[in-house]
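Next come the chains, spelled out residue by residue.
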Amino acid sequence: MGASLPPKEANLFKLIVKSYETKQYKKGLKAADAILKKFPDHGETLSMKGLTLNCMDRKSEAYELVRQGLKNDLKSHVCWHVFGLLYRSDREYREAIKCYRNALRIDPDNIEILRDLSLLQAQMRDLSGFVETRQQLLTLKPNHRMNWIGFSVAHHLNSNGSKAVEILEAYEGTLEKDHPPDNERCEHGEMILYKISLLEECGFLDRALEELRQKETKIVDKLAFKEQEVSLLVKLGHLEEAETIYRILLSMNPDNYSYYEGLQKCAGLYLEDGKYSSDQIDQLVALYETLGQQYKWSSAVKRIPLDFLQGDKFREAAESYIRPLLTKGVPSLFSDLSSLYNHPGKADILEQIILELEHSIRTSSQYPGSTEKESPSTHLWTLFFLAQHYDRRGQYEISLSKIDEAIEHTPTVIDLYSVKSRILKHAGDLNAAAEFADEARRMDLADRYVNSECVKRMLQADQVALAEKIAVLFTKDGDQHNNLHDMQCMWYELASGESFFRQGNLGRALKKFLAVEKHHADITEDQFDFHSYCLRKMTLRMYVEMLKFQDQLHSHAYFHKAAAGAIRSYIKLHDFPPKSTAEEDEHMSNLLPSQKKKMRQKQRKAEARAKKDAEEKNEELNSSAVSKSGKRNVKPVDSDPHGEKLLQVEDPLSEAVKYLKLLQKNSPDSLETHLLSFELYTRKRKILLAFQAVKQLLRLDADHPDSHRCLIKFFHQLGSMSTPVTESEKLIWSVLEAERPTISQLHEKSLFDSNNAFLDNHKDSLMHRAAFTEILYILDSNRKSEAVKLIEESANNIVPRNGAIGPIGEWKLKDCIAVHQLLGTVLVDQDAALRWKVRCAEYFPYSTYFEGRHSSASPNSAFNQLRKNSEKDSPNHSVGNQNVVSTTSNGKAFENLTI
Amino acid sequence: MGVGREVSISLDGVRDKNIMQLKKLNIALFPVRYNDKYYADALASAEFTKLAYYSDICVGAIACRLEKKEGGGQVRVYIMTLGVLAPYRGLGIGTRLLNHVLDLCSKQNISEVYLHVQTNNEDAINFYKKFEFEITETIQNYYTNITPPDCYVLTRHIAPSTTKK
Chain A
1 MGASLPPKEA NLFKLIVKSY ETKQYKKGLK AADAILKKFP DHGETLSMKG
51 LTLNCMDRKS EAYELVRQGL KNDLKSHVCW HVFGLLYRSD REYREAIKCY
101 RNALRIDPDN IEILRDLSLL QAQMRDLSGF VETRQQLLTL KPNHRMNWIG
151 FSVAHHLNSN GSKAVEILEA YEGTLEKDHP PDNERCEHGE MILYKISLLE
201 ECGFLDRALE ELRQKETKIV DKLAFKEQEV SLLVKLGHLE EAETIYRILL
251 SMNPDNYSYY EGLQKCAGLY LEDGKYSSDQ IDQLVALYET LGQQYKWSSA
301 VKRIPLDFLQ GDKFREAAES YIRPLLTKGV PSLFSDLSSL YNHPGKADIL
351 EQIILELEHS IRTSSQYPGS TEKESPSTHL WTLFFLAQHY DRRGQYEISL
401 SKIDEAIEHT PTVIDLYSVK SRILKHAGDL NAAAEFADEA RRMDLADRYV
451 NSECVKRMLQ ADQVALAEKI AVLFTKDGDQ HNNLHDMQCM WYELASGESF
501 FRQGNLGRAL KKFLAVEKHH ADITEDQFDF HSYCLRKMTL RMYVEMLKFQ
551 DQLHSHAYFH KAAAGAIRSY IKLHDFPPKS TAEEDEHMSN LLPSQKKKMR
601 QKQRKAEARA KKDAEEKNEE LNSSAVSKSG KRNVKPVDSD PHGEKLLQVE
651 DPLSEAVKYL KLLQKNSPDS LETHLLSFEL YTRKRKILLA FQAVKQLLRL
701 DADHPDSHRC LIKFFHQLGS MSTPVTESEK LIWSVLEAER PTISQLHEKS
751 LFDSNNAFLD NHKDSLMHRA AFTEILYILD SNRKSEAVKL IEESANNIVP
801 RNGAIGPIGE WKLKDCIAVH QLLGTVLVDQ DAALRWKVRC AEYFPYSTYF
851 EGRHSSASPN SAFNQLRKNS EKDSPNHSVG NQNVVSTTSN GKAFENLTI
Chain B
1 MGVGREVSIS LDGVRDKNIM QLKKLNIALF PVRYNDKYYA DALASAEFTK
51 LAYYSDICVG AIACRLEKKE GGGQVRVYIM TLGVLAPYRG LGIGTRLLNH
101 VLDLCSKQNI SEVYLHVQTN NEDAINFYKK FEFEITETIQ NYYTNITPPD
151 CYVLTRHIAP STTKK
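So the sequence lines, in the order shown, correspond to chains A and B. Taken in order, the first sequence gives residues 1 to 899; the numbers are from this note's numbering. Taken in order, the second sequence gives residues 1 to 165; the numbers are from this note's numbering.
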């Protein structure tokens, strides 16, 4: 380095490097300038100066200098290395790898560069390259532990587990007998566990077990040791031994469900579907009875039997499980039991149990058959459970009456208001739901959870401005937008994006959806630091797990939602492009000149104000940031806070394809992915790609209404296209001709026939009927009235259930809304849509969409009555200083004085 | 004390973050709506206003105002409200709240605690008498929109505590 310089300058050069490493950039810059005064063309100095400037936020100068430096000294590995570092700092990893490779061509044994390269290869999952680089590092420095480990991990990632084991064993061979020293015991133990997990992965189970037992004393993590041991024993079929270990594990933690599951497996009493024979159930009962006596404090041991018990035994167990928890007041009891509602018959039993308990407590303050008085709060929690029970069963009216009863009983419990809000949401009244979520929030202003829940409800009710205000309360300095973004608060961004989408504000919707996409890119990015850290700290099992997690990061539900939202936004943008300025002018020309002038002025003023605000804010940020760190450390201010620029994309569909590809890669088994794909490619007139989407839909769920819709639409559109002319068109045609007979739904049938067959197969389902009618209308618009009639003839059947209160219709609110939209916008029959609305308002009295009589959309609803009353009351009854110690009008005092 | 199982009762202060709890209690307990000054006084009285929790549920409260006596700088305590939700009465919660305030008074050498009570509210009057409160005055037409409109003033004088310094 700096070899071509005279001694004095060579020393200065070393100073630059040192200053860079110690982050004393100003000092480094001075030294660089001193050299450049004498040798203005010295390549390595120019490069280093550039690198230094890069760290001082002077990007463009940095690139210029580094390029210049490289040009002046193409044979210097320093220059190439620096160029690589520069790219790396901008996350341009592919370019950076190229630069490192060039550097290594000049100086093949440079450890530093090799190490940097290996990190990038791990990041980019260039696995064979990673193995190669790691091998070189090991050859150069075999006395470094990290190089052995790195080489082994590289082979593991490159799917060569047995090689990885060999390397670790070779490494162990280099160790002294008394290894490890005390301060390395944890790391060494981790390495052994990693090696054993590798052996297990390769299927060398016996060897793994032998190794594990032999090295037991060297493994520090005793829990991991036991869990590994039991996993190997089960795989080897040594079930008796495994059972003893599971029992030991249970004595360490009697609330770990997986230990119970393991124990059941060892006893041959585990079925994935939970459908046990009565004989098996008896054995399970016996097993859990003894376990229950052993682990009296475990709640898992009491809860698990509710999953396999049936009938009267279930009733008995459930009741004795529930009673003490209601007494104790466990708000999460319902969600603890909610999975039982998927087991046939259990919901009815639970309903009977709770109703009996409630009745008994209400009348005698005692549980049935008990002589002990329950504390008053037991009644409250029983009502609370009942409300959630009826909510789950879709009986919103009863549910709400129960929660109101609970609130009447004890109006200070926050959970009651949260649950009321949730019931109202399910019942279809989003505004009232937001209102009650806000009430819950105001009862404890220091609770972030109720705050967040309120924000979410408000967004669901499309009250975005209000929601933002509430969200601000829990952010730093009230700088909400940036803060929530920096915190990667994705639920918020998704809910906000969905709301903007519903309101037709595509720019801001896209802004939010793309932010979530950005977070995922950042998370991918964040793994970079761990490539070196984990090797050093030897947390290898966790490291490999983290890499696997990263590899499927984009299949996370949040990403799926964001990408789907972005695609839908782009499709809408394509279908309804924003008005161009010319059109807007046209719109304005309808106005009177004076009005026009006023409007223009208004617009201009608003723009100026917004600009000024932004500038002021910017300045404020700048000044505060500078004063703190001395160096410019300002985050760039968002120049497009409302996503207006996002709306100006030239080809929204091509933008959408980017996200679609990510969905196809990461969520190939989601119906929505292929529905979007179908919508997108039909618009782009990519026939084969659209057909592929149809085939995927049929693969996933051929009976789904949407699959049917897409299938018939596709072939219908195909039929209306002109005969193929060009070679490629003919080719496409022949492919489709060959494919059509393979689709069983079509075979030799006409589209009408296959549509009819679809209806015959799914007569009783509203959504299938809706799909049928939509297709019927598309195939022949003359049959519109027939289509409408078919929908109106559908019946909302009662779900059969034994002995419970009140009927429940089969129809879901969401589906009925979809049908209403079908009638209104696709079949365009406003009368029918209105009839449908009136009908659904009966089924869903709380739905604001259908303006049901109990919803906040109806002026006579209880909700609005309540509101009016509280408004009347609130202007301070002006009691002033007058004070009342007494309570209710009947003279009953607050105290009964039984002391 | 109390019935059934042992349930813990605890007291907690009122802050602007949880003042809604006090409001909810008052709406449920009293036939009048209190204005902002009431809540400001309650907050200002600090330790003299407490919420009572029965197994982590807020079920009662005592709210006081600290007043300067005319003339000298002596402070006296005025109990604005004391109440417990109906289902939770008879469990010693009101006693606990009142004792808290009385103890605090004697610790801080406050010699007088008083309050207003509707003349027909015998239960309340008896309750306070147990704590050595005495009727010191009757005010006609004190209340504007409840009957009877008259109230008693109940006062308790406290001897300064000499035991501890």
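No lab work stands behind these hints, which were simulated from the structure alone. These numbers come from a predicted model, not from an experiment. It cannot be assumed that every hint is accurate.
To be verified - Across the chosen pairs, the derived CB separations fall in these ranges:
#1 His100(B) x Asn864(A): 39 to 49 Å
#2 Leu355(A) x Asn145(B): 34 to 44 Å
#3 Asn109(B) x Asn864(A): 18 to 28 Å
#4 Asp150(B) x Val838(A): 48 to 58 Å
#5 Asp348(A) x Asp150(B): 52 to 62 Å
#6 Glu112(B) x Asp447(A): 30 to 40 Å
#7 Asn483(A) x Ala40(B): 53 to 63 Å
We put the CB at the ideal spot given by N, CA and C, even for glycine.
Could you tell me which of the numbered hints above are not met by this structure, giving the numbers in increasing order? 3 and 7
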